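The chain contents come next:
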Amino acid sequence: MLRLKVNGQEHEVDVSDPSTPLLWVLRDSLGLVGTKFGCGIAQCGACTVHVNGMPVRSCITAASDVEGQEITTIEGIAATDGALHPVQQAWVEIDVPQCGYCQAGQIMSAVALLKQTPKPTDADIDAAMSGNICRCATYKRIRKAIHTASASVAKLGDTA
Amino acid sequence: MKTKDKIETFSDPLDAVLSGRDLNAYHGLSPQDVSRRKFIKLSGVAGGGLVLAFTLTSKLGMNAADAKEMAKGKTGDADLNAYVQVHPDGTIRIYSKNPEIGQGIKTGLPMIVAEELDVPWSQVIVEQAPIDANRFGAQFAGGSLSTPFNFQPMRIAGATARAMLVAAAAKDWKVPEAEITTSDAMLMHAGSGKKASYAEMAEKAAKMPVPNPKTLTFKDRKDWKLLGTRVTGVDNHAIVTGGSLFGIDTVVPGMVYASYTRGPAIGATVKSANLDYIRTLPGVKDAFVLSGNGTMMAFNPGGETYVPGVAIVAESTWAAISAKRQLDIEWDETNASKDSWTGFVKQAADLAKKGGTQTDDKGNVDDALKSAKGTVEGYYTFAYVSHAHLEPHNCTASFKDGKLEIWAPTQTPSNAIPGVAKLVGIAPEDVTLHQRRCGGGFGRRLENDYLREAAVISKQIGLPVKLQWTREDDFSHDYFRPAGFFDMKGAVDENGKAAAWQAHVITMTPDGKTPVSAGGLNAANFPKDMVENYRATLSMMQSGTPTGPWRAPGSNTYAWVEQSFVHEMAVAAGRDQVEFLLEMMGEPRQLMGIARGPGGGGAAPALHTGRAAAVIKAAAKAADWGRELPKGRGLGAAFFYSHMGHIAEVAEVSVDANKKVTVHKVWVAADIGPVINMSAAENEFEGAVIDGLSTMMGLEITMEKGRIEQRNFDSYPILRMEHAPEVEVTFLQTEYNPTGAGEPGLPPLAPAVCNAIYAATGNRIRTLPISKEGYSI
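So the sequence lines, in the order shown, correspond to chains V and Z.
Residue numbers for the first sequence follow this note's numbering, so the first one is 1 and each next one is one higher.
Residue numbers for the second sequence follow this note's numbering, so the first one is 1 and each next one is one higher.
If we strip away everything but chain V, and leave its shape as in the complex, we get (with noise of 0.2 Å):
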């Protein structure tokens, strides 16, 4: 029995394979299915989650690796009144996808960047997202968007 704390709740798990990636627990144990399976091997980031805060690929953490950190996915981002963050926000309103597979990894690696990096520089982007494939190239897109979050995320700063 696997015990998770995922997006502030505690769940046990029961796997016969102790082993089991992260990724297919939470898809197929938990319904939490916006992580996504890109590669298997950690090449591709459609599987980004952060675990502490840090963002970590799923498809090549053992669940069992896990058990009492605090596990966030792309579910539990937006606020609990449902107001996206101002990633998720960003992503929408410069309409970034096309397919939006990978999306939900793309925003996840963002928004540890932007956690770590409030205001980051083109350089700063590219190490952070270099991680992640885009296969309909959206690139330019998640930029505009991670430049768009950040400067949100100042003003709420501004005025808190």
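Calculated directly from the structure, the hints in this document are not laboratory data.
Note that the structure is a prediction, hence the values are computed from the model and not measured.
There could be a bad hint or two in this list.
To be verified - Simulated pairs of lysine-lysine, DSS-like, Cα-Cα distance not exceeding 30 Å:
#1 Z:Lys194 - Z:Lys225
#2 V:Lys5 - Z:Lys285
#3 Z:Lys207 - Z:Lys219
#4 V:Lys119 - Z:Lys665
#5 Z:Lys772 - Z:Lys222
#6 V:Lys144 - Z:Lys660
#7 Z:Lys204 - Z:Lys219
#8 Z:Lys621 - V:Lys144
#9 V:Lys144 - Z:Lys665
#10 Z:Lys513 - Z:Lys528
#11 Z:Lys489 - Z:Lys373
#12 Z:Lys489 - Z:Lys528
#13 Z:Lys528 - Z:Lys617
#14 Z:Lys174 - Z:Lys194
#15 Z:Lys225 - Z:Lys489
#16 V:Lys144 - Z:Lys225
#17 Z:Lys772 - Z:Lys665
#18 Z:Lys528 - Z:Lys370
To be verified - Here are some, though not all, of the chain Z residues that point toward chain V, as calculated from beta-carbon distances under 7 Å:
#19 Gly233
#20 Gly242
#21 Pro282
#22 Gly283
#23 Ser316
#24 Gly440
#25 Asn683
#26 Glu686
#27 Glu709
#28 Phe713
#29 Asp714
#30 Tyr716
#31 Met721
No residue lacks a Cβ here, since even glycine has one placed at the ideal position from N, Cα and C.
Fit chain Z to the given chain V structure using the hints.
The following block gives chain Z in isolation, referenced to the frame of chain V:
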């Protein structure tokens, strides 16, 4: 100005898409098509109001039922039948008929309805239409055809509903219809000052007769409020919050999970497997061999075959995938593909020396080459590439009591149904296909092999099952963009003009008779119609590697050969490339092409030299073509017509001493008629440019002993953010009918970049990917 060419006969352009050919010519919707389109009004819908459906009885619709039949038999679920519903509660619901694969069509088609209906977008709810050829005609995403096929039908849908609302108001207010105006879902009569919302008039409108489409009037383009603006995707909120949208997100009560393992070489069959051991692994419920009913993976979206392999059924995806890794299978490769990429390269070089079978001839190429002032020769090679859509193949299927239900991310749902029905031995009517959003398509999801596998597994185990391919499965069993070899010869005359063009095309064949799907030479107007002497010859090499359409099939490689070679000729003539290209286009004129398909073909408007010249000039102007650049930096241009779009691109690159390439910027000028959704169109063209760059730079699929050598993204380096260039897109927004945005932006990119590298370095690139010639990004 509209094209007015009369079309005598044509085959369904969908056939052309599905046969793996590019679509260079297109039959616009004629008035006949409009009159054959029947609208019906539906009643008995929950909530009431005006609910309109229409059916297609033209060739563009598949097996379309008569409207009366439909009304008679299907009223029970009439709310699923409609394209447009105006409800008394103010809701305006519009169904979007085609699969969403990232091209933005789920938003784009309803925008067209909303424009003619004259309703604010904020009031519209968009829903994915059910898959039913009887109700919606052919439903598919391919060939960049969703917009051109559906622009007029969607306008009619919106205008019909609006006309009925107007008629109801006129009757109610006892005023002439012509005096009633609409705006933002409101009806108004200036003379009497009367006003009503669509919601208020919906019930009365539903009682009005459906007007003949010929009597409808459409908005002038200058009055468009919504079309051409930036509208964000209707699924964006669900995408950014992790909602269930994609095929892979499907969950069905009681479902199990499966993996399927196919042969290491295409065509291998299973001799034996360690099934007893596999069944002992954690979470595994069953493992069994499926004998398949086809081996060589012929591209056929509507087919009924699947390849042999071993299915593992488990309690979770991970259990199915991890058990797959423990499989020990003995394969029989007697009849399997023995393809070798290094072998193809050698064989093609021999065939180039021998010459090929003539397929096209005009003027006298031999004389022109002899008498030319200058001649150029070049041997071009391009690699196989993979689709690599980011959502690995998956399909959920439930076979129960002789009925099959499928949840699938497919580009061709209409085509899938008959094939899968035949495979599991039921009638097509007993198949229900739920369209799921596709995590990328690029042409791979035109083929439905993974649907058929899921259906067979579900039938075998009697349970709903989600089949999940791994990334390695996707790479090893793709329908690749075919590789090819072009041996080119050209001549320029004493005036520096293009005088002769000869292409010897060396491609693969599955049967020794016809080129592989998406292989061979496009029957394009350029340059055949621009030079006096033209010849094409063909040679083919036997191959078992599956191929199929890949974003702008044919065009995606032919553009590179053609537009690089045009540049070679311009250089030989000592001419500026853009000037040379414009001269080849000549006087503005509409050329006719062939809309092809298995059923034959007919003439249809294709390349327009005036539209071509306009985009070439626009791209050159945007890039400030001709400006001085420092050493090691260059501009290159290319033009290509595909999918009814006229596109020119200019790239600015620099190359360092180690052949490291930096693409600083790409300027795109596109004529796809009026833009429907500016945000989506721009996104598509930016994406096509970067996809083109990614692919030409470093992507290739190779095989030895029939085994595909690239297995995952670690050996298939898709371009990442840091290398994405700036892209500036200019839409010319002409008065032609709107055409698709998904594909035509890709073909000109590779030649534009290679020509720019030549301008920067003096080195001509004749191999794709260019990493094979030592370049990197």
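Here is how each hint holds up against the structure:
Simply put, Z:Lys194 and Z:Lys225 have alpha-carbon atoms about 23 Å apart, close enough for the 30 Å limit, and the pair holds. The hinted pair formed by V:Lys5 and Z:Lys285 meets the criterion: a straight-line CA distance of about 29 Å does not exceed 30 Å. At most 30 Å may separate the alpha-carbon atoms for a hinted pair to count; Z:Lys207 and Z:Lys219 meet this at roughly 24 Å. For the hint pairing V:Lys119 with Z:Lys665, the CA-to-CA distance comes to about 25 Å; that is within 30 Å, so the pair holds.
With a CA separation close to 50 Å, the supplied pair Z:Lys772 and Z:Lys222 exceeds the 30 Å bound. Straight-line distance between C-alpha atoms of V:Lys144 and Z:Lys660 comes to about 26 Å, which keeps the hinted pair within the 30 Å bound. Taking the CA atoms of Z:Lys204 and Z:Lys219, the gap is near 24 Å; set against the 30 Å cutoff, the hint holds. Among the hinted pairs, Z:Lys621 with V:Lys144 is consistent with the structure: their alpha-carbon atoms are about 26 Å apart, no more than 30 Å.
For the hint pairing V:Lys144 with Z:Lys665, the CA-to-CA distance comes to about 16 Å; that is within 30 Å, so the pair holds. Among the hinted pairs, Z:Lys513 with Z:Lys528 is consistent with the structure: their alpha-carbon atoms are about 24 Å apart, no more than 30 Å. Among the hinted pairs, Z:Lys489 with Z:Lys373 is consistent with the structure: their alpha-carbon atoms are about 14 Å apart, no more than 30 Å. For the proposed pair Z:Lys489 and Z:Lys528, the alpha carbon gap of about 14 Å is at most 30 Å, so the pair holds.
A distance of roughly 22 Å separates the Cα atoms of Z:Lys528 and Z:Lys617; the hinted pair therefore holds under the 30 Å criterion. Proximity of Z:Lys174 to Z:Lys194 is assessed by CA-CA distance (about 11 Å); at most 30 Å being required, the pair is judged to hold. Restraint check for Z:Lys225 and Z:Lys489: not satisfied, since their Cα atoms lie roughly 51 Å apart, outside the 30 Å limit. For the hint linking V:Lys144 to Z:Lys225, the alpha-carbon distance of about 26 Å falls within 30 Å, and the restraint holds.
For the given pair, Z:Lys772 sits about 23 Å from Z:Lys665 by alpha-carbon distance, which is consistent with the 30 Å threshold. Between Z:Lys528 and Z:Lys370 the CA atoms are separated by roughly 19 Å; this keeps the pair inside 30 Å, and the hint holds. About 6 Å separates the beta-carbon of Z:Gly233 from the nearest beta-carbon of chain V, less than 7 Å, and the hint is met. Interface restraint check: Z:Gly242 against chain V, minimum CB-CB distance 2 Å, threshold 7 Å, status holds.
At a threshold of 7 Å, the smallest CB-CB gap from Z:Pro282 to chain V is about 4 Å, leaving the interface hint in force. Using the Cβ-Cβ criterion of 7 Å, the hint placing Z:Gly283 at the interface with chain V is satisfied: the shortest such distance is roughly 4 Å. Annotation: Z:Ser316 was flagged as interfacial toward chain V, and the flag holds, the nearest CB pair being 5 Å apart, inside 7 Å. Because the beta carbon of Z:Gly440 sits about 5 Å from the nearest beta carbon in chain V, less than 7 Å, this interface hint is met.
Among the interface hints, the one on Z:Asn683 holds; its C-beta lies about 6 Å from the nearest C-beta in chain V, closer than the 7 Å criterion. Satisfaction of the interface hint for Z:Glu686 is found here, the shortest Cβ-Cβ separation to chain V being roughly 6 Å, below the 7 Å cut-off. With 7 Å as the threshold, the beta carbon of Z:Glu709 stays out of range of chain V, its nearest partner Cβ sitting at about 16 Å, so the hint is violated. Because the closest C-beta pair between Z:Phe713 and chain V is about 4 Å apart, less than 7 Å, the hint holds.
Contact between Z:Asp714 and chain V, as hinted, is supported at the beta carbon level, the nearest pair being about 5 Å apart and thus within 7 Å. Using the Cβ-Cβ criterion of 7 Å, the hint placing Z:Tyr716 at the interface with chain V is not satisfied: the shortest such distance is roughly 9 Å. For Z:Met721, the interface hint holds, the least distance from its beta-carbon to any beta-carbon of chain V being 4 Å, beneath 7 Å.
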